[in-house]
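Q: Sequence:
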Amino acid sequence: MKIRGSPQVQLRVRPSQKRGMLVAYLYDVDQLGWGTVITHGARAVHWATPGQSIDFSFDLNATAYDVAPGHKLALVFDTQDHLYGAPVRWGEAFSMTIEAGDGVSAFTLPTSVEGQAESSRTRRTQRIREGRKRTAKKELSLNPLRPLRLAVRSF
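Heads up: the sequence shown at position 122 corresponds to 121 in numbering that gives the first Met the number 0, and the numbers run straight through without jumps.
Heads up, some of the hints might be wrong.
Distance ranges between label pairs, derived from CB positions [claimed, not checked]:
(1) D65 / L31: 33 to 39 Å
(2) A92 / K1: 39 to 45 Å
(3) T96 / K1: 29 to 35 Å
What the hints contain is simulated information worked out from the structure, not anything from laboratory work. Cβ atoms here follow ideal geometry from the backbone N, Cα and C, with glycine treated the same way.
Please build the complete structure, drawing on both the sequences and the hints.
A: Spelled out as structure tokens, the structure:
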């Protein structure tokens with residue numbers, strides 16, 4: 000698979016306070032479990048109502064990356080990163096709960112179709128959604144001290 004462009008994350012989250020941040024990392028994971036960062040992106044929230052769900056989306060940095068056969072993609076979320084300034088004051092604690100299920104959160108991965116000439120390469124977008132058939136709502140709480148791997152998919 001050839002990733003070409005800016006992957007997009009669409010989430011429904013419930014922050015613990017009005018300010019917070021969510022950082023997403025897309026990894027290429029080999030057969031031994033070693034990961035390589037493909038791209039990343041962040042979104043700060045400054046206007047949320049604590050405990051109330053909000054929908055937002057953000058793009059990861061644009062990339063051109065070829066995923067080797069047999070490798071997996073891992074989408075990892077965290078609430079802090081040294082590359083981005085913290086949206087809260089020093090010492091303030093916050094968390095983000097990601098609501099998954101019923102198609103409320105999605106990851107869009109722009110890919111290039113194999114076998115096309117470089118000049119006429121067509122693009123397609125793979126949309127990876129939480130299955131709509133599941134009726135139970137899933138919630139994933141993020142703690143700034145522990146990153147969470149949300150999904151791994153083989154290609």
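Q: Hints first: check each against the structure and report whether it holds.
A: The hints, checked one at a time:
{"no.": "1", "hint": "D65 / L31: 33 to 39 Å", "verdict": "violated (19 Å)"}
{"no.": "2", "hint": "A92 / K1: 39 to 45 Å", "verdict": "holds (41 Å)"}
{"no.": "3", "hint": "T96 / K1: 29 to 35 Å", "verdict": "holds (34 Å)"}
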